[in-house]
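A.B. asks: Keeping their order, the protein sequence lines are chains A and B. For the first sequence, position 30 matches number 30 in the numbering used here, and the numbering has no gaps at all. Basically the numbering used here = 1-based index in the second sequence + 1000.
Honestly, the hints are just simulated from the structure, not real lab data. The model shown is predicted, which means the values in this text are computed figures rather than measured ones. Some hints could be false.
[To be verified] As a list, the in silico BS3-like pairs of lysine-lysine whose alpha-carbon atoms are at most 25 Å apart:
hint : chain 1 : residue 1 : chain 2 : residue 2
1    : A       : 309       : A       : 435
2    : A       : 366       : B       : 1088
3    : A       : 309       : B       : 1002
4    : B       : 1014      : B       : 1088
5    : B       : 1036      : A       : 220
6    : B       : 1036      : B       : 1088
7    : A       : 75        : B       : 1002
8    : B       : 1088      : A       : 309
9    : A       : 366       : B       : 1002
10   : A       : 366       : B       : 1036
11   : A       : 51        : A       : 414
12   : B       : 1002      : B       : 1088
13   : A       : 219       : B       : 1036
14   : A       : 309       : A       : 51
15   : A       : 414       : B       : 1014
16   : B       : 1036      : A       : 49
17   : A       : 49        : A       : 435
18   : B       : 1088      : A       : 219
19   : A       : 309       : A       : 49
20   : A       : 220       : B       : 1002
21   : B       : 1014      : A       : 76
22   : B       : 1036      : B       : 1002
23   : B       : 1014      : A       : 366
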Amino acid sequence: MATPTLRIGAGAGFQGDRFEPAVVLAEQGNLDYLVLECLAERTIALAQKSKLGDPAMGYDAFLRRRLEPLLPLIKKRGVRLVTNMGAANPAAAGRIVIEIARQMRLAIKVAVVTGDDVLAQLSPDTRIIESGRPLRTYANVISANAYLGVEAMLPALASGADVVITGRVADPSLFLAPIVHHFGWRLDDWMRLGQGTVVGHLLECAGQITGGYFADPGKKDVPDLAHLGFPLAEVQVDGSAIIGKVAGTGGVVNFATVKEQLLYEVTDPAAYVTPDVVADFTQVRIEGVGTDRVRVSGGIGHARSETYKVSIGYQAGFRGEGEISYAGQNALARAELAGRVIDERLREDFPDLRLDYIGCNSVHGKSFAPHSVPYEVRLRAAALAATRAQAERIGEEVEALYTNGPAGGGAARKHLTEVIGIVSALLARSEADSKVTVLESDPHHETV
Amino acid sequence: MKLYELAHCRAGDKGNTSILSLIAYRSEDYPLLLQKVTATAVQQHLAGIVSGSVRRYEVAGLAALQFVCEQALLTGVTTSLAMDTHGKALSSALLEMEIA
């Protein structure tokens, strides 16, 4: 029988998130489920590249580091773990989890959800949403992953697995799937799926609802930010939930943190589209029910789309960057002279060369305080190039300003990034076949 | 007075679109935000940063407005050369807006 309250914790909100809060949640959260959301659009494209180089790779690089401390805890506490750390290779990730479990002599059952990789199913004529151009006009496409939803995950949860590993799944669906599974909601119960999606959306960025990315000293203070605790939701059968955190952890859950996260990255508050439902956040009610406890209800929904959103990654060359600082009297004039020198040395080969003056105009292109004179200014040069070697020239020329530029330049740094372009398209749901494979760490009970 | 005094903001991104929430600290200030912080006013304030259209959504129940800014050129695109490719710091730019 489904218990009246389901407790779900969010133990990671992005690929590079902190490790310790998930351990605190698993130990002290009295959880039913712990969800780790670790997959950004660029991450999966890079993972796909690494899988092309080695078919055993392509899963999240932090898989072992996150799961090794968690596996014994979830086994001991009866917590089920759900994560998209499969990235471009959920099957390989599943095998790694089994390997860890065997090393720790733990009986662990892992369910792997595949089918999000739809590169082979996409027609070259597929229309790219951002540009309106067909897919075939994009060279060097590396990955195409459909955002799967609850439907693809339910068989994995029904298998009784301790750990569910996916690739690309819509972030709120990672949380909604355990809710739907636990309470036995129908997949066309749009009202409940809408409210459940509110809960998933609130949790998907982990610490962003408990005071992370929120503090502004004197204006929006957050206690003990250094020990920020991650959120957990106590979900009721109607989908309403109390958002809270483990007592004694840092951070804060209040109306302001909940509102910021509810609206975060929402392009239409009345129509938040996921693979499961079109959720409407405009009627959401929030009530304080205690210290660091906020009750959220009133989300509604409408019938889901019959298409999946597909995220497509393509290689877009390399970005070379270089930075150098100038300080004291006339700092800005010296930085600007350095900028003109760099421009003369590089512009011909890099027509899109970009120069920023950090401390003046680098973030917003203009200053909202135009008359202030900074004590220090940092020149930044950046450009894209087809090859790594070409892109490296940007940093090389900035570094060379030491002996070939204005007086007093210091702290030169150079940086190179592989650039992945991301665009999107739609795919009929029927074109993506999801599949669940179950693995067990006890070799005598492996089933596929 | 700057918007910063009355409201808080978080910026998010989808592709080349920047999404800025504007949430009144006190619900009694919401009508003033509704009146002063129009889509046009935000477009003018962020001129040079946002080159596309700005749509405004009203979420009265949260005393909040949501601004969806298209072609926020310094932000968003994964292939951008900008410093803040996600436009995360645009929240602070919005709160710099002067309202009477």
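A.B. asks: Take the hints in turn and mark each one as holding or not.
C.D. replies: Hint by hint, here is what the structure shows:
no. : hint               : in the structure
1   : A/309 with A/435   : 18 Å, holds
2   : A/366 with B/1088  : 16 Å, holds
3   : A/309 with B/1002  : 39 Å, violated
4   : B/1014 with B/1088 : 12 Å, holds
5   : B/1036 with A/220  : 23 Å, holds
6   : B/1036 with B/1088 : 23 Å, holds
7   : A/75 with B/1002   : 52 Å, violated
8   : B/1088 with A/309  : 24 Å, holds
9   : A/366 with B/1002  : 17 Å, holds
10  : A/366 with B/1036  : 23 Å, holds
11  : A/51 with A/414    : 28 Å, violated
12  : B/1002 with B/1088 : 19 Å, holds
13  : A/219 with B/1036  : 22 Å, holds
14  : A/309 with A/51    : 22 Å, holds
15  : A/414 with B/1014  : 28 Å, violated
16  : B/1036 with A/49   : 48 Å, violated
17  : A/49 with A/435    : 22 Å, holds
18  : B/1088 with A/219  : 19 Å, holds
19  : A/309 with A/49    : 21 Å, holds
20  : A/220 with B/1002  : 16 Å, holds
21  : B/1014 with A/76   : 39 Å, violated
22  : B/1036 with B/1002 : 12 Å, holds
23  : B/1014 with A/366  : 23 Å, holds
The structure fails hints 3, 7, 11, 15, 16, 21 (numbered hints given earlier, in ascending order).
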